[in-house]
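Q: Given chain A's structure and the hints, the job is docking chain B onto it.
Note that the protein sequences, when read in sequence, are chains A and B.
Each residue of the first sequence is one higher than the one before, counting from 70 in our numbering.
Each residue of the second sequence is one higher than the one before, counting from 63 in our numbering.
Hints may be right or wrong, so weigh each one.
Unchecked claim - Just so you have them, the derived chain B footprint on chain A, three or more residues with Cβ under 8 Å:
1. 240-247
2. 512-524
3. 573-584
To be verified - DSBU-like mimics (lysine-lysine), calculated; alpha carbons at most 35 Å apart, straight line:
4. B:K341 - A:K554
5. B:K229 - A:K500
6. A:K579 - B:K363
7. A:K554 - A:K571
8. B:K226 - B:K341
9. A:K574 - B:K190
10. B:K226 - A:K554
11. A:K574 - B:K334
12. A:K579 - B:K119
13. B:K323 - A:K579
14. A:K165 - A:K76
15. B:K199 - B:K173
16. B:K223 - A:K528
17. B:K209 - A:K487
18. B:K132 - B:K317
19. B:K334 - A:K579
20. B:K341 - A:K579
21. B:K223 - B:K334
22. B:K209 - A:K554
Read the hints as simulated data drawn from the structure, not as lab findings.
Bear in mind the structure is a predicted one, so any value in this text is a computation, not a measurement.
Glycine residues also receive a C-beta, built at the ideal position from the N, C-alpha and C atoms.
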Amino acid sequence: MRQKDLKISRVIISIIFLLFVAALFVDFRELIPTVWADWILFPQFVPSLVRFVTIPALAATGFFVILILTALFGRVYCSAICPLGILQDVVAWISKNLGLIKRYKFKKALNYLRYPVLVITVITLISGSLFLVNLLDPYSSFGRIFSDIIRPGIIAGNNGLAGLLERFDHYGLYRLNLELITWRTVLIPAITLALVVWLSLFFGRLYCNTICPVGTVLGLLSRVSLFRISMNADTCTRCGKCSFACKSNCINVKTLQVDTSRCVACYNCISVCPEKSIQYARPFNRSGNRAVTDTSKREFIGKTVLYVTALAGFSRTVLGQEEKERPAGKIPNKKNYPVSPPGSVSLVHFKDRCTACHLCVSVCPTHVLQPSFLEYGLLGMSQPHMNYSVEYCNFECTKCGEVCPTGAILPLTVEDKKLEQTGKVNFIKEKCIVFTDNTSCGACSEHCPTQAVKMVPYKGNLTIPETDTEICIGCGACEFACPVKPHTSIFVDGNAVHQVAKAPKIEELKVEEQEEFPF
Amino acid sequence: MKRRDFIRNSIGFGVLSGAALSMGRLDEVMAAENAALQLPYDFVAIKGGEAVEMFDKGIASLGGMKQFVKPNQTVVIKPNIGWDSAPERAANTNPQLVARIIEQCKMAGAKTVYVFDNSCAEESRCYKISGIEAAAKSAGATMVSGKSAGYYQAVTLPNGKRLKNAKVHELILESDVFINVPVLKNHGGSTLSVCMKNLMGVVWDREYWHSNDLHQCIADFAAYRKPDLNIVDAFRVLKRNGPRGVSVADVVTMKYQLIGKDIVALDTASAKVFGIDPKQVKHIGLAEQLGAGSSNIETMKVNRITMGA
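So that you can see chain A by itself, here it is in the shape it has in the complex:
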C-alpha cells in the first residue's frame, strides 16, 4: 500500500465500524439479527477480554487479535475499530471545520495521569470489581451513550414523524414509549459524552491518551510495534505541518521524535507532509534518527509494581465491605436481591463480567432490562437489571444472552430460558385489591406464563392469587401488571444464584361434548 493511501483506508474502515456498532445500539425496530453482534463486536477489546475469561473460545479471541495488530501496526484499534475513538475523530473533524481549533501542537505525555488510571483500573479489576473498567472502557462508554442518549433521541424523532404521518392517516410508523428515560440512567453516559466531546473539540485525542485504559495498554505495545510513524531527518524541513495535524500531540518537530505510545495510527501526518519525509514503516528500514530510549517506560514498570503491591490488599477490604452493605430492607417490599437477566448465572457471575455497554438494554424488546442505579451497589452502577416497574421479561425471548459480548449474560435456548429462575414471586395478600376492595382483578395471574400465580376461589365469585415458587421463573409479569402502585402487592425477589424452575404440570382436560346449542 502506498503511504498516501493509508489515511483514506483508515477513514473508510473506521466509518464502517462506527456505523455497524452504532446501528446495533440504536436498532429499536429489531431489524438487525442478533448473530451479527458476535461479528461486529468481535474485535472490541475489553468485552472480548472479559468474555475470554468466561468462555475461552475462538469467538472470544478478539482482544488477542488486537494485541497482535498493535504489536505489528501500532494503535490501529484506536483509530479504526474503537467506536468512541472514531466518534472523537468525527467531533474533531467538525471542530476543525468550524474553526474551533486550527492546529494541534506537540505536548508532553501526561504520564502522571494515564499510568495511575491504568494501574488503579487493573487493580480494581483483579480484586473483583469492574467498576472502573466499565466507567472508562471506550466501547462500553460508546454503548451507553448510544443506548441511553442517542437511541431515545432517534425514537423521539420517530415519534415526531409518526405524529405527523398519523394526521394523514398513515400508520406505518408508530410511536414508542419514551417514559423510561430518567436522569439516573442518563447520568453516567451524559457525563462521559460531555467529557469526550469537550476534549475532542479542543484537545484532540487527550481522552485516549490519559483516561482510556485500553489506549494506555495498547500504547505500551505500540512503543515497540513493527510498523511505526517516523521522520526522516535528511529530508524534513521542519515545517511543522505534521505536528499541526497530529490530534495525539505526539510529534515533536524539534527532536524529530514521535511518541508512538500515544500515536493512534491515523496517518493524518503522512497525508500533510509536503516532503514525504514522515512515513509509516519498520523502524530499522528508516533512514532517519532512531529515537533515544525513553526512561519513562522503565519508570512506568517500576511504578506499576509499586501500585499493584500497595493497593491490591487495600481494595480487597473495601470491596468486601461493599458486599455486606447490600441495602436489604431499604428497597420497598423487602427485596433481598436485584434481578439479573436470564442467562447471567448469578449476581456474582454477572457483576464480575458485565461492562455495562447496554447492548442488552438496547435490544431488549420489552425494555425490562434497564441500567441500574444503585440496585447492584455503588460498584455495580449502570450494570443492567430487570426493572419490573416498567415492564416484564418476554417468555419466549433470549436476545440479551445472544448479543452480550462479554459472557456476563450467557446465551440460553428458549427451552432453558423458560425454566431459568431469576427470582421468586412473593405475594402480600393484605395489599391485594381483591382483599382490600372485594373486587375482581387477576392482572398478575393474567400475565403469568407458567401460572405460578393462579387465581383460586375466594369470597363468592371472587378469585384471589395463589403462588407456586417452584414453577415461578421470576419474569416479573405479575409485578409489572399489579395495579397496586408503587409498591406492588406481588413482586419478584431476585435469586442471588439463578435456579432451574420446575416445568408447570400439565393435566388432562376433561370435556363434555355438547350435542345441541346450550341456549
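A: Showing chain B alone in chain A's frame:
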C-alpha cells in the same frame, strides 16, 4: 395550506371533536346512523364448521356484510391479539377468521380496514406469532399499533359508574364501522373473556380498570361504545389458565361462532357455550343494567346453524 394554518386548523378540529365526544354524543351519532338497520335475527350461532365457513354462513344469514359496511366507509376490526402465542393456544383470535372478515368488508366496499389491539405482551411478537398480522395484511387490511400512546384520545363516559374517563384509540373514535372479534376464553380475573372484556384492548390505561372494580369498568365501557358488530370466535376455546394459557392442553376445539350486534346477548350466549352460568360473569349483569344490551336471550330471535356431519 400554510404550516401555521394547518396546525391551527388541526388544533381547532381537535378541540371541537373532543368537545363533541366529551358530551357523550358519539354513541348517539353512531346509533342514529344505524337506526335504519333491520336484521332478520337478533344474533346467529353457528357450530360444527371451520371458522371461515361458519362466518360466511352466519353473516350471509344476517343479510351479508353490506348490512354493516357501506361503500367507502372506514372499518376498524379489533381482534384479541393479547399474547405472543400461536393460534393453537387459543389466547388470540383465529387469524383466518380475521382475514375473512376483512375480505368481506372489502367486498362490501370498505375504503380502508384497520386492525389493532393494545397487546398485553410485546406488540410486534403478538402481531407476528398470533398469525394475525400476516393474515390481515394479505387480506388487504392495515395493521396499526396499539402501543402508541399518541393514538389514544381522552374521552369522558358520562354514564360510567366507576369509569368516568378513558383514553381510547383514535381508530375506535374515528372509523365509520367498529367490528369486535373476541376469542372466547377463560379469565382468572373477570371469569370469562368475550366481547365486553375484549374492549379493554381499545383503551390505554387498563390498570385503572383493575384497581377500580374490574367488572364495573368493563360494563361502563361496553355501555359507552357498543361495537357495530361482534363476532365471537369459539372455534378453539381456552378452558383454563386464561387469558394467556400455559399449553395447548388448556384448549378445547369447540367449533362455535356467534355473530350479532347485542354485546350483552353475545356474552350471555358465549357463557353458555363455555359451560358456565352467565350470572357468574358479573359484568354481563352490570352492563345490562346500564343499557348496553339484553341478557334475555331466551326471548330473542336466534338463528342456529349446524354445519358438518
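Q: Of all the hints given earlier, name the ones this structure violates by number, lowest first.
A: none
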